[in-house]
Amino acid sequence: MSKPLTISATVMLQLHVIREQRERVLQGLKIRNAKEEDLLRVDQVIALDDQRKEIQTFLDESKAQRNRLSAEIGGLFKQGKREEAETIRTQVTGLKEEIATKEDELKAIQQKLSEGLLQLPNIPHDSVPAGSTDDDNEIHQNWEEPLPTLSEEALPHWELAKKYNVFDLELGTKIAGSGFPVFRGKGARLQRALISFFLDEAAKAGFEEIVPPLLVNEDTARATGQLPDKEGQMYYVERDNLYLIPTAEVPITNIFRDTIVAKKDLPIKLTGYTPCFRREAGSYGAHVRGLNRVHQFDKIEIVQIAHPKESYAVLNHMLDHISSLLNKLELPFRILRLCGGDLGFTSALTFDFEVYSAAQKRWLEVSSASNFETFQSNRLKLRFREEEGAKPQLAHTLNASALALARIIAALLENNQTPEGIVIPKVLRTYTGFDIID
RNA sequence: GGAGGAGUGGCAGAGCGGUUGAAUGCACCGGUCUUGAAAACCGGCAUGGGUGAUGAGCCCAUCGGGGGUUCGAAUCCCUCCUCCUCCGCCA
716 MSKPLTISAT
726 VMLQLHVIRE
736 QRERVLQGLK
746 IRNAKEEDLL
756 RVDQVIALDD
766 QRKEIQTFLD
776 ESKAQRNRLS
786 AEIGGLFKQG
796 KREEAETIRT
806 QVTGLKEEIA
816 TKEDELKAIQ
826 QKLSEGLLQL
836 PNIPHDSVPA
846 GSTDDDNEIH
856 QNWEEPLPTL
866 SEEALPHWEL
876 AKKYNVFDLE
886 LGTKIAGSGF
896 PVFRGKGARL
906 QRALISFFLD
916 EAAKAGFEEI
926 VPPLLVNEDT
936 ARATGQLPDK
946 EGQMYYVERD
956 NLYLIPTAEV
966 PITNIFRDTI
976 VAKKDLPIKL
986 TGYTPCFRRE
996 AGSYGAHVRG
1006 LNRVHQFDKI
1016 EIVQIAHPKE
1026 SYAVLNHMLD
1036 HISSLLNKLE
1046 LPFRILRLCG
1056 GDLGFTSALT
1066 FDFEVYSAAQ
1076 KRWLEVSSAS
1086 NFETFQSNRL
1096 KLRFREEEGA
1106 KPQLAHTLNA
1116 SALALARIIA
1126 ALLENNQTPE
1136 GIVIPKVLRT
1146 YTGFDIID
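Numbered according to the working numbering, the first sequence terminates at residue 1153, and the numbering increases by one at each position without gaps.
Check the hints yourself; a few may be wrong.
[To be verified] Cut-off 20 Å, straight-line C-alpha distance, at most; resulting in silico cross-link-like pairs (EDC-like, lysine to aspartate or glutamate):
| no. | residue 1 | residue 2 |
| --- | --- | --- |
| 1 | Lys778 | Glu738 |
| 2 | Lys768 | Asp849 |
| 3 | Lys1024 | Glu1101 |
| 4 | Lys1076 | Glu812 |
| 5 | Lys1076 | Glu1045 |
| 6 | Lys768 | Asp819 |
| 7 | Lys1076 | Glu860 |
| 8 | Lys1043 | Glu885 |
| 9 | Lys1024 | Asp1035 |
Simulated from the structure, these hints should not be mistaken for laboratory data.
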């Protein structure tokens, strides 16, 4: 087992920000539409930290005293001064008890402190609009051209899937349960083509490809913020105490847990294709039909570790990369800037990409690009040095889907349907080996 | 899954109850020397926390994780994890 995230390390780094920028933290919580109790938690945490420091100081002094006396005993024994040694020994015994009591106190406080801290979300970026639901998200970049219109007979993708044998949800239900599509034939091939296309594009953009574990341990899930916030969202293998990944972000970002990277290596760019598993408990109904929301889907994730001064430029590059993918696939899309209420727990700024699915006449989220600033790296203990010999400081982490497959396929099927069949976008044809699904 | 062995600083590798945060070597950084480089020599080289001014200094903690014995633990005990060797099983 690697070193677990020690409470103190996690606590300290984040805490100094809370202390020094208390107003900003509170302001951020308001933008996130946080509850009153969350606002109160800020001061609770600071108060707990005050207590922690007080006990820490006392404990350090007691221990210093103990260490001094113990060394003395050692010296006296060497000189053969038995009796003097014995006197001091009884003295230390009293100290010991005191230390033990204080240590229990300290542990209890640290426990509370870390629980409190784990419940505080990231501070939103200044540009994040206030708001409570996805209705309050801001359109960052709209689709300027006319949206595709289909004929009266146009079918939603789940009907098309049946017609052309692209995927089979009933079959997935038989084998696993609802929300586990079985792709087959040209559908399976299309899936593989998209994966290859996205990975190749990422490679061209300078991302190193990773094939990570699909199951992760508790430390890993905690470090990227899935625990405790999204525990219910993940499949959990109790017997082995492992979680199925909800996104490749989790194992890939954790590559850097507990590391100090070289500044010259920044930004570090990684990509990986993985299936993603999400319980999506409680979401049923018409809006989640077909591939709109499933328990298992394929996704290519891009992850970057960036210098704090460059992380927002890096985020822009990510937006450009994703835009270019969607343009090449000839899919209409728009970019949203998430409002405080819709912003993920760990994120400072998130842009969502939505493609237009013409038969459903709906926008479907296919990517989410976020800058976590130091929120994840604090938990990860991912640092770099500004210069040789300088104190390590937290790096910024970012990630984005580039892209999530299931909904891309939904949109491709719907938008590209013709009386002859589903037309494959040009860029994919060398990957699929066919031009049309008929 | 069974039996045995091992986990020490960036790496290699000492230490196996008393100034050991930890010898030594390599790597790395700074310097002397050199026309330059190499070699040689000198010096530096962990992380987190407390105190303090986000300085110096002092102090605490950390030798796979957790717990215990002891005045005192890298060193002894328990437990978990990981790795190696052998056997078994296997895509």
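The hints, checked one at a time:
1. Restraint check: the Cα-Cα separation between Lys778 and Glu738 comes to about 37 Å, which exceeds 20 Å; the hinted pair is violated.
2. For the hint pairing Lys768 with Asp849, the CA-to-CA distance comes to about 41 Å; that exceeds 20 Å, so the pair is violated.
3. A C-alpha spacing of about 11 Å is found between Lys1024 and Glu1101, which places the hinted pair at or below 20 Å, so the restraint holds.
4. Of the pairs offered as hints, the one joining Lys1076 and Glu812 is violated, with about 71 Å between alpha carbons and a cut-off of 20 Å exceeded.
5. The suggested pairing of Lys1076 with Glu1045 holds, with an alpha-carbon distance near 17 Å, which does not exceed 20 Å.
6. Our distance criterion of 20 Å between C-alpha atoms is met by Lys768 and Asp819, whose separation comes to about 14 Å.
7. The straight-line distance between the Cα atoms of Lys1076 and Glu860 is roughly 15 Å, inside the 20 Å bound, and the hint therefore holds.
8. Restraint check for Lys1043 and Glu885: not satisfied, since their Cα atoms lie roughly 32 Å apart, outside the 20 Å limit.
9. The hinted pair formed by Lys1024 and Asp1035 meets the criterion: a straight-line CA distance of about 19 Å does not exceed 20 Å.
The earlier numbered hints that this structure contradicts are 1, 2, 4, 8.
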